[in-house]
Each structure stands twice: as C-alpha cells, then as structure tokens.
Amino acid sequence: MSKSLWNDESGAVISAELALVLTILVLGVIVGLSEVAVAVNTELNDISNAVGALDQSYFFTGFAGSLPKCTSLYAGSRFTDAHDDCDKNLTCDLVCGPPQQDTCG
1 MSKSLWNDES GAVISAELAL VLTILVLGVI VGLSEVAVAV NTELNDISNA VGALDQSYFF
61 TGFAGSLPKC TSLYAGSRFT DAHDDCDKNL TCDLVCGPPQ QDTCG
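For the sequence shown, the tail end lands on 105 under the numbering used here, and the numbers increase by one without skipping.
Source of the hints: derived by calculation from the structure; they are not laboratory data.
This structure is a prediction, so every number in the text was calculated from the model and none was measured.
Certain hints may be false.
[Claimed, not checked] Below are the SDA-like pairs computed for lysine to any residue, each with C-alpha atoms no more than 25 Å apart in a straight line:
(1) Lys3 - Ile24
(2) Lys3 - Ile14
(3) Lys3 - Ser15
Taking the hints into account, I'd like the entire structure generated from these sequences.
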C-alpha cells in the first residue's frame with residue numbers, strides 16, 4: 001500500500017494549482033489590508049479635523065444687585081478659542097499627499 005501511495009502522481013497538479021491559488025490569495029489579502037489601513041487613517045484624519053474645528057469659546061454675563069445697598073455682585077467671564085496649528089490638519093501628508101489647491105477661486 002505504501003508503494004502505491006509513493007508512486008501515485010495524481011496529486012501533483014492539485015499541489016501546483018493550490019500553490020498558485022494561495023499565492024494569489026495572499027497577494028490579495030496584502031493589498032486589501034493595505035487599503036483598509038489607508039481608509040482607517042483617512043477616517044481618523046477626518047475625525048481629528050472635526051474635533052479641531054469645534055469652537056470652544058464661551059461667555060456668561062455677570063449680575064449685580066441694584067438695591068440701595070449693593071448686596072451681590074458677580075462678574076462675567078469670557079474665553080475665546082484661538083486657532084491652533086493642528087486644528088485643521090492640512091499640513092499632514094498622511095495618506096494622499098499634500099492638499100490640492102482649489103482652482104475654482
């Protein structure tokens with residue numbers, strides 16, 4: 001039985017086909033995972049731009065009692081959110097290279 005198994009050549013074509021199919025499959029998986037990585041980086045960049053575009057400015061007014069005797073006084077407050085360098089992530093060449101100039105004017 002082992003001699004007939006040793007001399008059996010019918011599996012050689014299946015092995016070559018299997019090697020070819022697995023090679024194509026591995027190449028496809030590598031390209032697919034690369035594209036998934038690019039898509040994830042692009043989406044994370046979009047999220048960072050959205051968070052950077054949030055305006056965190058706030059203010060509230062104060063009040064003062066207007067009785068003959070000033071019984072209470074509370075001053076207001078203001079914070080103005082300044083534009084930071086990283087708020088709009090236009091300088092990063094993460095995925096697609098530098099941003100394209102708008103030619104529409």
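Which hints from the list above does the structure break, by number from lowest to highest?
1
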